[in-house]
Amino acid sequence: MSMLTKNSVIKLIYLLLILLAASLLANGAALAQEPDPATITDDQVNAIAKQLYCPVCENIPLDVCGTQACAQWRELIRLKLSQGQSEAEIKAYFVAQYGDRVLAAPPARGLNWLLYVIPPLAILGGVYILYRAYKTWKQPAPQVTQPKPVAASSDEYVARIEEELRKR
Amino acid sequence: MDVDIPEETNVEAATRIRPRWGRILVWVGLLTLLGILAWALIRNRQGPVSIGSQVPDFTLTTFEGENIKLSDLKGKVVVLNFWASWCKPCEEEAADLEAAWRHYQPRGDVVFLGVDYVDTEPEARAYLEKFDITYTNGPDLGTRISQAFRITGVPETYTIDQEGLLRHMQFGPFPNLESILKVVDPLLSQ
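Going down the list, the protein sequences come from chains A and B.
When you line the first sequence up against our numbering, it's residues 841 to 1008, in that order.
When you line the second sequence up against our numbering, it's residues 5 to 194, in that order.
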């Protein structure tokens, strides 16, 4: 009877140990899945924030904007980073939520492509104009064509008039 | 009688003709650019939707994921409120808007829609909970609705009649519940 009791106690202890280990493992797993925004530094947040603009405060990048709306956005970036989302995923989320205009560099589609095409074209046009101007400057000045001497007229009357004129 | 055309004249004519297509192209390009710029400027200066005009149709996806199309609400008065959790003046009218909604809700012919402008979802949900807001709310995805109405800030409230015409615009918060009822009641008696 005492032997049975001793065995039972040992079994109970094993059972408790197994249960304890299982609960610790379960807790560990739960802790590992829990995102902790505090582990994300401001630099990590700002690396993404500087590529975004909040529509409320136009022309101020999100990383330096002081409004409450922008502070909330930065906290959202921090939360998403802590959840393991990549930079591209976070930017895609902001575009889906607030539109293309939140991006510092707008995507080249629709009328946006003009932003990418016009500056190089303008530069090329300028280079061409300069090249043309340079070529014009290098060309020698055009020779002033001397009027051809008037051929001696065979007309006796004209010859006489010319002679009279020379005398005066 | 032979007419002897000097050589210089031919060369000059050739140089005059040759770059013409290039000039035309440059001018067309410049004029197109100016046209686009003018169009963008005119669009920006158009201002908000005007009273008496048909409001632009939109679909609001609520925080619960339901899609609500404005054109499906014809026959009802719609009170469309733009707000944000970071907006302090929005808090001033939040309780009055909710009270007005609860006042009209039993009738069934008035709909309140809250459009959450440039906000973050956790804070927006906390705001709705804080003010116990029960009418339909959703984020302004892609800022499409606010752009369609060309809002100038938050809070702004647009009251739309049964025919989809804009009947009242409120810039800034409603001062009290009575001021909301004063806008909606006349539309219901029509």
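Some hints could be false.
The calculated label-pair distances, taken between Cβ atoms and stated as ranges, are [claimed, not checked]:
1. B:P179 - A:T879: 28 to 34 Å
2. B:R154 - A:P877: 50 to 56 Å
3. A:E927 - B:E167: 21 to 27 Å
4. A:P947 - B:R154: 19 to 25 Å
5. B:S193 - A:N899: 44 to 50 Å
6. B:W31 - A:W953: 19 to 25 Å
7. B:R47 - A:T879: 31 to 37 Å
8. B:L37 - A:G924: 27 to 33 Å
9. A:P877 - B:T65: 55 to 61 Å
10. A:L943 - B:R154: 18 to 24 Å
11. A:P959 - B:S193: 37 to 43 Å
By construction, these hints were calculated from the structure, which means they are not laboratory data.
These numbers come from a predicted model, not from an experiment.
C-beta: ideal position from N, C-alpha, C; glycine also.
- Message: Given a hint of 19 to 25 Å, does the C-beta separation of W31 of chain B and W953 of chain A actually sit inside it?
- Response: holds, 21 Å
- Query: Is the gap between the beta carbons of P959 of chain A and S193 of chain B within 37 to 43 Å?
  - Reply: violated, 59 Å
- Message: Can you tell me whether the CB distance of S193 of chain B to N899 of chain A sits inside 44 to 50 Å?
- Response: holds, 47 Å
- Task: With 28 to 34 Å as the target window, see if P179 of chain B and T879 of chain A comply at their CB atoms.
- Result: violated, 46 Å
- If you check the beta carbons of R154 of chain B and P877 of chain A, does the distance land in 50 to 56 Å? This hint is violated: roughly 36 Å between Cβ atoms.
- Message: Please check whether L37 of chain B and G924 of chain A have a Cβ separation lying inside 27 to 33 Å.
- Response: violated, 45 Å
- Distance restraint evaluation - E927 of chain A, E167 of chain B, Cβ atoms, bounds 21 to 27 Å: At roughly 47 Å between Cβ atoms, E167 of chain B and E927 of chain A fall outside 21 to 27 Å, so the hint is violated.
- Task: Note whether the CB distance of P947 of chain A and R154 of chain B lies within 19 to 25 Å or breaks it.
- Result: holds, 23 Å
- Indicate whether the distance between the beta carbons of R47 of chain B and T879 of chain A respects the range 31 to 37 Å. This hint is violated: roughly 45 Å between Cβ atoms.
- Query: P877 of chain A and T65 of chain B, beta-carbon distance inside 55 to 61 Å?
  - Reply: violated, 26 Å
- Message: Tell me if the beta carbons of L943 of chain A and R154 of chain B are separated by a distance inside 18 to 24 Å.
- Response: holds, 21 Å
In summary, the numbered hints that this structure violates are 1, 2, 3, 7, 8, 9, 11.
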